[in-house]
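**Student:** Residues per chain, in single letters:
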Amino acid sequence: MTQSGFTNQRDSSTIETAAFDLSIPVSIFATGWGAAINRIQRFDVVTTDLSAESPKTISLQLRRPAVKTFSYTFPELPEWQTERSGKGGLATKKPRPKINKDERRTRLKPPTDIVKLEDRLYYMLQPPLETILSSDSMRMPFEPFPYQYQGIAFLYPRFAAILADEMGLGKTMQAITSMRLLLRAGELRNILLICPKPLVSNWKNEFTMWAPEIPLCIIEGDQTRRQWQWHHQAAPLKIANYELLMRDRDIVLDSGLNFDLVVLDEAQRIKNRSSTTSQITRAISRSRSWALTGTPVENSSEDLVGIFEFLSPGYLQSGMTARRMAKAAGDYILRRTKDKVLTDLPPKLYRDAELDLTPDQWCSYKSAEEDGVIKLEGLGEELTIQHVFELVLRLKQICNFDPATGASSKLERLEADLEEVVASGRKAIVFSQWVGVLDKIRDRLSRFGILEYHGKIPHKKREGVIKQFKEDPSKHVILMSYGAGSVGLNLQFCRYVFLFDRWWNPAVEDQAINRAHRIGAAGSVTVNRMLTLGTIEERINQVLEEKRALFDAILSQTDTPRSLGLTQDEVFGLFDLKSRRVDQRRAA
Amino acid sequence: MSASGSKSVPSIGFLTVQEFTDIGLIGGYLILNAVGRPLEFHCTAPVHPNRAQEILYGPTLAPFLYGEQIGQTLVAKGKSRPMFVCTDVEPVLSAREFVSVPIVLINESAAEPNDSLRLHSAHSTPPTPKSKQLVTFQLASQQAAINEAHAHDRDKVVEQWQPHTEAMDLLEPFSRLREAIDEAQRGAART
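As they're listed, the protein sequences go chains Y and W.
For the first sequence, counting from 1, position 463 maps to 463 in the numbering used here; every step adds exactly one.
For the second sequence, counting from 1, position 185 maps to 185 in the numbering used here; every step adds exactly one.
Don't take every hint at face value.
With a straight-line Cα cutoff of 25 Å, these simulated DMTMM-like cross-link-like pairs (lysine to aspartate or glutamate) come out [claimed, not checked]: (1) Y/Lys461 x Y/Glu243; (2) Y/Lys109 x W/Glu183; (3) Y/Lys109 x W/Glu19; (4) Y/Lys109 x Y/Glu76; (5) W/Lys156 x W/Glu68; (6) Y/Lys467 x W/Glu179; (7) Y/Lys338 x Y/Asp119; (8) Y/Lys116 x W/Glu179; (9) Y/Lys396 x Y/Glu213; (10) Y/Lys68 x W/Glu166; (11) W/Lys77 x Y/Glu76; (12) Y/Lys204 x Y/Asp248; (13) Y/Lys467 x Y/Asp439; (14) Y/Lys109 x Y/Asp260; (15) W/Lys77 x Y/Glu118; (16) W/Lys79 x Y/Glu118; (17) Y/Lys68 x W/Asp153; (18) Y/Lys68 x W/Glu148; (19) Y/Lys338 x Y/Asp356; (20) Y/Lys116 x W/Glu54; (21) Y/Lys68 x Y/Asp49; (22) Y/Lys109 x W/Glu54; (23) W/Lys79 x Y/Glu76; (24) Y/Lys68 x W/Asp22; (25) Y/Lys68 x W/Glu159; (26) Y/Lys68 x W/Asp155; (27) Y/Lys56 x W/Glu54; (28) Y/Lys109 x W/Glu97; (29) Y/Lys109 x W/Glu172; (30) Y/Lys327 x W/Glu183; (31) Y/Lys116 x W/Glu97; (32) W/Lys79 x W/Asp182; (33) W/Lys77 x Y/Asp119; (34) W/Lys79 x W/Glu68; (35) W/Lys79 x Y/Glu213; (36) Y/Lys116 x W/Asp153; (37) W/Lys79 x Y/Asp119; (38) Y/Lys467 x Y/Glu213.
In case anyone wonders, no lab produced these hints; they're calculated from the structure.
One chain only, chain W, in its complex shape (with noise of 0.2 Å):
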């Protein structure tokens, strides 16, 4: 069968990233249509920092594994250019410093409007200094949040979301995502 000729149609890219205990962080990246079919799949190889980075990066440790090294070289490897990339881990929004994608956190949780203060990912990731800079909107019935430094972001999310909004529940991919992560661990691992 062919590649994937679909760039011209709309997509959403969904951006995870895993724990493993003893590997490390695995990332994944799914693009899915506007009503929610695959297009696209990508994920990383087990990161792990080495003791160095950990002493030396201190608290930016986390955005710059999640961000800057599997958030930014996965958003590059998408084939389809997404109208925005959503995560519902909250260190992965310091990717959009690299890529040119909007990175929204997608979050169920409810949070005031105007609490720009702190956003908790789904993961227990720990905060980030980031995490102070956020600014969280309404994106249909998602709470969601971007970094303050490209809070310009935010309307263009809003307005390209705004036809579909009731095709697709913003946070049921990534549980699609994170079993595709673990069956390509489970993969690697027997081989």
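Isolated chain Y (complex conformation) (with noise of 0.2 Å):
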């Protein structure tokens, strides 16, 4: 390379130039690259392997399964479960009362004999009985009491039944309403209620009151016609008396007859097994048995062995304990007392009036009672009850009449009573064993306006008998015998009673006053006990204190002696006799 181009700054007149040879010598060596380049590249594959084993998963299965049900259909309603209030529901006169959800409520509760779920479901499944009981077609003519409501809930699901309410608290309405809801319901169809004949016209009464629309045929008049209304169809509810049912055994027993349900008021008549009555009712033929009594002890636990022998037989048994006996009881027997749930109920009070006989009274009964217990010493071996009660009967008689001079000293304490209550514009009834003693009181006291209502009175007149008192101003008093004026009679416009003597069963004795003190009474009701002092009236008063707490007590589920009865022991055991033979049968 040559440096021609360069000049020297410090002189510029010369120019020297200077030639230098830059080129550098090159040998060429062979590196052998070319071929490499030319040839074909060749790769190597290492195959590495990078797989991992998989997740390992779980898989929840969260598909709706299957809920298995239990499913009940109800049976069809009849058309009156159906009705509708207002607007578009059937036509209604009066508006309907106004559902109240804090009012009280009874359901109605399966009894524990009904064990399949579907029947338990179905009553346990209704509507309250004030819901049922509010309905256009159902509607009431009074609005029933708590208890009565929880009375009808015992009845309606049960085939065998007791409602054994102290007299007074409306048996008669609970079991009417319990009849009226089970046909309408369309679960009976046919029912044959017996009762006491005098008691005939009062359900009739009854049935008219609370359930006006089911059709009823009394059983009465002669055979031919008898036998047409026992096979009458058109009534589904039939009622007959115990002493016609005795004339129609055949009919009733014989021709077909089967009834939905037989319900027996004053059920304690067939306490007795193996009277006739309690034969007939028990082979009637039915599927639900209902039984009414205030008193279903009256003498000892074998009543009740009896009344079972209806509902259910061979359930309870002669012997059992009282307190066994009441365990196997206690879901068929319904028993409230009017201290329990009439806390509102006037009271009732008791006066009794322990006089002294008349000196012609007295005189009587010491010879009677003397002569009559020489005469009983001296039947010895013969001796029987009969011979006993026969004297009891006699000076029981002079307590109430001197049989020589008609003297009183209970018909002068009740003369003295009568003015007062007359006085006062109150009713009084007064009863008696004795019809006789019934005639006296009326001939003596006849000024006081007095009706009489007990066995001499015909059946057909005894209706228009209580009309009258109750309705006559004139009218005060009534004189009953306890075995016509006992049962089934509502007196609560009575505020006084009077037992001018005394029966052998306290039960009946509670009946008689309860005609008076009963749901409906206007105010407190006075029972006026009338006992002669140092009498067998008051040895008798005795026994019948102590029968009342016994009764008492079998119905309150604890121990007692298997006889309530006045026994044979105890009925000698008023004159201090011993008894000489063995006599079974109890006294009363």
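Hints are included, so try docking the two chains, each in its own frame, into the full complex.
**Tutor:** Structural data, given as structure tokens:
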């Protein structure tokens, strides 16, 4: 390379040049790369396994599993149960009372002897009775008491039941309403109600009040007529009396009659299992059996066994202890007393009139007793309880009236008391065991406006007597025998009850008293129990008080002696006699 | 006796779910006519959520069990088609997603008419997200609520119930229903 272009700055006039050989000697040598570059490339593949184990998974089944169900479809509803109120419903004359969600609700509960689930649900799922009975077609003339709703709820589902409420609590109304509900629900179509003859008209009246739409047929008249009535299908309810049942036994038992329900009023009538009445009622073909009685145990626990033979034969047996019997029968019996459920019922005031006999009476009494006892003792081995009874009755009659003079300390007292009763405008009932005694009272006290209701008054006239007593302001006193007037009558307008003499059984006395002391009583009821001191009446009264205590005991489910009756020994004991014969019959 | 042929009778359904310790949930469904007489009763066997359901459903477990599983099943079992179905358990409302009949929560406690945030059910069922979506209204004398998603049911329910408002207390049948569920459960336990 030549350095021709460079200039010396210090000597601008002379330019010197110099040539330099810049060529660099180059020698070529063979590297061998060219061949390598031209050579085809070769790759080696190395395989490495990078795969890993797949993760484990858990699958959860979240699909909706089928839920098992139980279903129950209720029987087809009768038309009345589908009625509607207001717009689109049945025409109603009165507005339906509004349901108050705070009001008391009484529900049907199946008894323990219903075990099938469907049957139990049938009752459990029914609406409260208050709802049912507030429907237009079931309107009640009076609002029932809460305990009465409970009574209806008790009867409704039961095929065997005893409604044993104390007299005056409305057993009739509860039974009628239960029958009404069952009839309207289609569960009953054919009912037979059996009651004592004097109460037939009372039942008729009660049905008119509480279930006016139910056609009923009262079995009465001659045999041809009764034959037709027994088989009369139009009326779902037949009412017969116990006495008539005996006469129509063949028709009732052997002509193919069958009842959905048989109701026995005053069911203590069948307590004696060997009686014809008991045998006939037990033989009636039926599905349901109800017994109504205020005194399921009158004398002994055997009474209850007798009633159960109608309800459920063999369920209760003789010889069971009272405690065991009470436990077994518990689900079949409903008993309420006034002091428990009617706290607002006017009080019942006892005013025992303990009287001395008049001198004439006392003379007759002592003579009769001494002679009688001597006579009894003289009978020796021939002495029977009937002989003792005769003396008892003789002495009791003297306690009422002296047979020779007609003197009576009881009548004197009664007359004085009735003066006061009549003066105050009140009404009174006078009970006696004997119609003859009532006749004497009538004759002596006729100025008080007296009516009579006893065995000598024809049945057809009895209803009129009660009506007159209730409505006629001039009639202040009604004379009644225990037999005719102690059951089924509603005389709650009476404020005074006189027991001129005492009955053998306190339950019968209670029934008599409760003609006046019952629902609807306008005020307190004063009960005058007349008792002559130092006589057989006083001794009997002691036994009655003991029986009353025992009656309360058995129904409160405590152990009691097997017999509550006036035993043979007790009757003999009235005169300090010893029984010399084994007579199994009880006195009462 | 023949089965109920009362499909033409106006009816109302009542659906509740009861929780039993150890065995789980039992649903009951009672169909009544307009005066309170029973037409049908259905109840489920005990339903018990498994652990997976408890975890995965989280807060939606109650609506799933009460509504989708129990409520839907029971309503489908009914032969009668009620005007609407009442419940006293809030999660049952979710069954409305699966059935065509309105479902109404009935509650006795007073609630502000516009308080659409919360209604407590008669039972202590834990509140669910649904409870924030309720529309409350007055149905006769009772407080009622429906899911907001089905708010259109309200007018229909009120209109249909109007002729019957004084015939029945809509809370009362739940006491019957619960007793019947108890009875069915006792019966199942005996067998």
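**Student:** What hint numbers does the structure not satisfy?
**Tutor:** The structure conflicts with hints 6, 7, 9, 10, 17, 18, 19, 20, 21, 22, 25, 26, 28, 31, 35 and 36, although it agrees with all the remaining ones.
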